[in-house]
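Visitor: Residue-level listing of the chains:
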Amino acid sequence: MTKRNLLLLALLLAVACVLPFIVSDYRTFQLTLVLVYATALLGLNILTGYNGQISLGHGAFYALGAYCAAILMDQAGAPYWATVPAAGAVCLVAGFLFGLPALRLEGLYLALATFALGVAMPQLLKYDHLAKWTGGVQGIVIPKPEAPFGLPLNADQWLYFFTLAVTIVMFVLAWNLLRGRIGRALVAIRDQHIAAEAMGINSAIYKSAAFGVSAMYTGVAGALSAIAIQYVAPDSFGIFVSIVFLVGIVVGGLASISGALYGALFIQFVPNIADEISKAAPWAIFGIFMIGFVYLMPTGVAGATRLLLAKRRKSP
Amino acid sequence: MKRRFVPVAVLAALLAMPVYGQKKYDPGASDREIKIGNTNPYSGPASAYGTIGKTIAAYFNMVNEQGGINGRKVTFISYDDGYSPPKTVEMARKLVEQDQVLFLFQTLGTPSNTAIHKYMNMRKVPQLHVATGATKWNDPKNFKWTMGWQPNYQDEAKIYVQYLLKNKPNAKIGVLYQNDDYGKDYLKGIKDGLGAKAKSMIVAEVSYEVADPTVDSQIVQLQASGADTFFNITTPKFAAQAIRKAYDIGWKPLHFLNNVSSQVGSVLKPAGLEKSIGLITTQYIKDPTDRQWANDAGMKKWEAFMKKYYPEGSLIDNSNVYGFTVASTLHQVLKQCGNNLTRENVMRQAASLKGFKVDTMLPGVSITTGPQDYAPIQSVQLAKFNGKEWERFGKVLSSDKM
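Each protein sequence line maps, in turn, to chains A and B.
Residue numbering for the first sequence follows the working numbering, starting at 1 and increasing by one per position.
Residue numbering for the second sequence follows the working numbering, starting at 1 and increasing by one per position.
Quick caveat, the hints were computed from the structure, so don't treat them as lab data.
No experiment lies behind these values; they were computed from the predicted model shown.
Fair warning: there could be bad hints in the mix.
Said to hold, decoys possible - Just so you have them, the derived chain B footprint on chain A, three or more residues with Cβ under 8 Å:
| no. | stretch |
| --- | --- |
| 1 | 12 to 26 |
| 2 | 29 to 37 |
| 3 | 133 to 146 |
| 4 | 218 to 232 |
| 5 | 273 to 287 |
Unchecked claim - In silico DSS-like pairs for lysine-lysine, Cα to Cα no more than 30 Å straight-line:
| no. | chain 1 | residue 1 | chain 2 | residue 2 |
| --- | --- | --- | --- | --- |
| 6 | B | Lys35 | B | Lys73 |
| 7 | B | Lys357 | B | Lys395 |
| 8 | A | Lys279 | B | Lys199 |
| 9 | B | Lys395 | A | Lys132 |
| 10 | A | Lys144 | B | Lys141 |
| 11 | B | Lys191 | B | Lys335 |
| 12 | A | Lys132 | B | Lys307 |
| 13 | B | Lys335 | B | Lys357 |
| 14 | B | Lys301 | B | Lys73 |
| 15 | B | Lys237 | A | Lys279 |
| 16 | B | Lys307 | A | Lys279 |
| 17 | B | Lys335 | B | Lys124 |
| 18 | B | Lys199 | B | Lys166 |
| 19 | B | Lys197 | A | Lys132 |
| 20 | B | Lys144 | A | Lys144 |
| 21 | B | Lys166 | B | Lys275 |
| 22 | B | Lys384 | A | Lys279 |
| 23 | B | Lys124 | A | Lys144 |
| 24 | A | Lys144 | B | Lys136 |
| 25 | A | Lys132 | B | Lys136 |
| 26 | B | Lys191 | B | Lys124 |
| 27 | B | Lys158 | B | Lys197 |
| 28 | B | Lys158 | A | Lys132 |
| 29 | B | Lys308 | B | Lys73 |
| 30 | B | Lys384 | B | Lys301 |
| 31 | B | Lys300 | A | Lys279 |
| 32 | B | Lys73 | A | Lys279 |
| 33 | B | Lys144 | B | Lys354 |
| 34 | B | Lys275 | B | Lys188 |
| 35 | A | Lys279 | B | Lys124 |
| 36 | B | Lys354 | B | Lys301 |
| 37 | B | Lys144 | A | Lys132 |
| 38 | B | Lys158 | B | Lys395 |
Glycine is no exception: its CB is placed at the ideal position from the N, C-alpha and C atoms.
Sequences are here, hints too, so could you generate the full structure?
Guide: This is the structure we're talking about:
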């Protein structure tokens, strides 16, 4: 990392820490959601952006993480902070197991298999025999955490900082993972899987592991979202969630860590802007935004930013 | 000296206010404006209901054009939540914290309202006349800031059961219900109504998912069970399929159709009017597609309103009558509030309607609420379909007198 990048990062962090004190609680809540989405998108980006496996069902892992957190709090009385790693662990295992059979599927077929997972999830959550834990269609209402140790923060601000801390940890982990040997292996499998295997990369293990890690990220995000929203229900996790995640990573920038943040801002704020422009056809407006972004920035916001910076450097 | 005087003066003025004044405001209310917030599914799986939000907006445009309420204009802010609970939380917070509305009105959907139930009560902001028939909204002891409006599902189910026990005590019941909170609430009403007899009388219980293409196989299954009484707890599209399929396979049970799907135009016509003869339902507002209201003064008024203020809205959609009726109820509540537009007073006035009627409600149906009674509409009337229109029969039944 260059000195300049470090400086930029420090500045970003400083802004992130100051923001909740200058904006309203409602905006703080929205920013918390942006961080949650960023973590989820980062997870999907590891799988789809870096490893080239398309998933149309990440909403299922998001739901799994959210329900893990909610059930642990509701049934076992677990503290909210402990549910986040637990949700991550459950999703890591679930993702890895789903990744094993999915190995045989490539491209569109994998997309269909994950799509099936995504559409099945809301119904599984309604399943009668699980209703004892999941609350069935009624879902689970969970309490809102207050700031601990007498910190002078309100509940929204505390939740923001809690989420920010988890997000930073997850981003640093991903950065570490992706810039090294494992990251290069994942990209090699994406670009030329035969060549990658010839170089001695165990494609099966890497692909399943990528699935597991990706699901873990999304699961952690799901748990954070459950804590922030204080409610989980099958209706919160329709197939649309999965599709929106995919939109997020493409708009933000595939195979880019910062892209997750841009994508999160897009999926959080653009639907609201669309709704303000037209009540009659909010998704048509959303579609126009999406086409605009993809057309103007074919490598996502992250790619466009990179290009812009490179150009400025060339022509001083 | 002067400086010290200022806070004292302010304090004195504050203390003096109740004496002089009638005018009291919470955020969202002022001399000129009453701000009301709402969420509706303008997109997503339940977007058919989005028209309710549009009707309400049109209603308050009309009120404003006619001079507002006690001289104040109503600003109705409605956001799309796509029927997704997390989005509802976000939008409700936007309305309360950023737009600073006086209260929320007619937020739609059971899961969406459940998601904001705690938040609204913690904030002490009214969540008024929610658009769902779940039974839990009538709980003033634990949630004094939340109130429903329409008859709740369990009460409606109990009214069918009451009729059944009187007229066909040895019935063998088959139930078809939508596998969600709405379907299960009804089912609970049926079972509670039957009491100990539920086990022996209900011979088949089958469900379907909103995403299913048809309910044909479920109907065949119910017929095979030997049931001679059919509780049809379905939303419009599936209700039409169920009615047609039952008729086509020659199954002729005593058929109860829930109020949610009792519209002639959008359910019975597609199912086939002759196939719908003998259906029994309950009603509380007038069906715009029912010919008996063709020359009704109340419905004429509604039609004139629709044509002038919501011309793109459908004249055969029951939801638009619903929207008009519920907006009229709020209109009355706000009139009663007078110049005391605090959140507390909005709830107090909403809980003190006595026999309030809207022209679009059935004759005999009225709204009565109290500090311990947060269920505005509790009276409904049974009706039987004669091939052309719903023939109401019996007295107007009230669940609080059951």
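Visitor: Which numbered conditions among the earlier hints are violated in the structure presented, ordered from lowest to highest?
Guide: Failing hints, ascending: 8, 9, 11, 12, 22, 26.
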